[in-house]
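Q: Line order of the protein sequences matches chains D and P.
Counting from 131, one number per residue, gives the positions in the first sequence under the numbering used here.
Counting from 386, one number per residue, gives the positions in the second sequence under the numbering used here.
Just so you know, these hints were derived from the structure itself, not from any lab.
Incorrect hints may appear among the rest.
Stated by the list, open to error - Below, computed lysine-lysine pairings styled on DSBU-like, alpha-carbon distance capped at 35 Å:
| id | chain 1 | residue 1 | chain 2 | residue 2 |
| --- | --- | --- | --- | --- |
| 1 | P | K532 | D | K153 |
| 2 | P | K637 | D | K220 |
| 3 | P | K408 | D | K220 |
| 4 | D | K153 | P | K637 |
| 5 | P | K633 | D | K153 |
| 6 | D | K221 | P | K701 |
| 7 | P | K408 | D | K221 |
To be verified - Examples of chain P residues toward chain D, derived with CB under 8 Å:
| id | residue |
| --- | --- |
| 8 | V487 |
| 9 | A491 |
| 10 | S601 |
| 11 | D741 |
For every residue, glycine included, the Cβ atom is placed at its ideal position computed from N, Cα and C.
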Amino acid sequence: MEIVFLIFILMLSIFLGFELINKVPSTLHTPLMSGSNAISGITLVGALALAGNTSDPQFSTWLATGAVALATINVVGGYMVTDRMLAMFKKKEGSK
Amino acid sequence: MDTNIIINIAYIISAALFIFGLKLLGSPATARKGNMLSSLGMLIAVVFALFDQGIISYSNIAIGIAIGAIIGATAARMIEMTSMPELVALFNGFGGLASLLVGWSAIDPSANTFTMITIFLSILIGGLTFTGSLIAWGKLSERIAGKAIVFVGQKVVNSLIVLAIIACGMMFVMEPSNANYLYAAVALALLFGIMAVIPIGGADMPVVISLLNSYSGLAACAAGFAIGNNLLIVAGSLVGASGIILTKIMCKAMNRSLSNVLFSGFGSVKATTDVIEGEVKPLTPADAYYILEAASTVAIIPGYGMAVAQAQHALKELQELLEENGADVLYGIHPVAGRMPGHMNVLLAEADVSYDLLLEMDEINPRMETVDVAIVIGANDVVNPAAREMEGSPIYGMPVINVDQARTVFVLKRSMASGFAGIANPLFFKENTRMIFGDAKESITTIIREFE
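Let the hints inform the model, and build the full structure from the sequences given.
A: This is how it looks when you write it as structure tokens:
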């Protein structure tokens with residue numbers, strides 16, 4: 131039953147994703163990509179539990195630690211660079 | 386209350402923030418706030434994930450986060466706007482590798498078949514996203530040749546890899562305790578990522594980046610199934626959907642099907658036999674000034690060459706001078722101009738060009754006949770009238786910006802060499818076209834000096 135439940139969530143979020151992204155104008159496609167990239171760093175949440183599940187690091191713990199580092203690069207770098215880009219998008223006074 | 390329930394409530398809040406953040410990305414005025422909300426959602430998710438009862442030791446987590454945060458923050462600060470496509474490609478790759486590692490470390494010999502399938506998928510998608518993105522990064526930063534790499538028997542080799550992946554996946558799921566299948570799966574996924582991207586040329590990179598973006602989301606999604614985490618599934622599929630939509634837009638803008646981009650490479654497109662006849666009319670920047678001074682509407686159509694020449698700041702200066710002179714200045718942006726979706730918009734935003742002057746192809750084309758001077762800077766295929774006129778041309782049918790309908794067209798170009806796709810451009814031979822040869826930035830600077 132849990133499998134069906136998870137697939138149900140998957141289906142709904144894919145439809146939601148299509149609806150949301152279709153409304154993003156092409157001007158913002160680059161920030162959209164880097165921002166959604168940061169969101170895909172959500173793997174971090176999964177990696178945290180795996181990297182901390184033992185106080186005696188094993189091979190799989192180190193793998194998960196690597197995942198924590200990589201996903202953090204995505205999250206921190208992705209959000210920061212998106213913010214840097216979006217800060218530049220301005221509408222000038224007096225322009226038509 | 387049970388910690389688990391609290392964590393899951395936090396996940397619901399953060400999913401809602403991601404969704405709301407993406408919604409605010411729908412307009413440049415609210416986009417920055419949207420990104421903030423999305424990052425707040427991420428912060429909430431990460432903080433509450435740390436309360437997971439399975440976590441006994443925080444030392445490894447601290448190491449991982451510290452390393453990642455330093456690298457991520459440094460990269461985000463240092464990167465030039467021109468190099469944005471490379472950075473996004475690289476981040477995509479890291480996301481993919483993270484999902485691969487999560488899938489790998491989630492392997493548990495007692496896992497059921499469904500979990501093993503999803504672990505396999507997160508390793509497969511994560512692995513091919515990683516190497517595919519590395520190749521894309523290499524091509525974009527010109528560390529490896531940007532040309533499509535095609536060899537005899539490529540399709541056979543790729544088919545064999547796909548078959549091997551399927552076989553390996555079945556064995557992996559049936560015998561979770563045998564680590565050899567795991568190593569084979571990782572190796573095949575990494576190999577497949579390389580093979581999938583090398584046959585795709587530099588000009589098709591907007592499609593590849595969008596697709597890899599989508600894969601990095603799907604990999605997170607698969608990892609979510611593997612460890613039974615709702616938030617990973619929701620966030621991953623939002624990203625997956627976003628990448629797929631961008632891929633579709635890019636393909637449509639190039640009038641090619643996705644399979645055509647992925648499997649053929651431009652190399653196999655038959656070269657056109659039509660010979661374009663006519664005379665090229667060069668123009669000096671000084672003469673260009675006299676024409677521009679008399680113009681009342683000017684449209685600027687940038688392409689990847691503008692990014693290479695770093696000419697966006699000079700363009701902005703020219704725009705201001707033209708406006709002082711009483712002219713209207715517009716920018717026409719083709720969806721696949723540059724190396725990633727929206728690349729030109731970011732560069733022009735960097736140069737302080739107001740975003741409401743940046744018109745999409747469908748907005749600028751109907752106005753093209755009223756334009757006095759259209760300045761094509763570093764663009765080639767996206768303004769090629771052959772797409773409308775020459776049925777034999779490889780890009781016939783592709784939607785282009787119809788600069789040839791403007792009264793005068795300036796083409797800023799280094800030489801007469803054809804664009805990346807190797808397609809001849811009849812625009813250069815048109816009656817109303819003037820070629821300004823040389824480095825685009827220098828040519829514009831010279832015109833600016835004439836104004837002063």
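Q: Which hints from the list above does the structure break, by number from lowest to highest?
A: As far as the earlier hints go, not one is violated by this structure.
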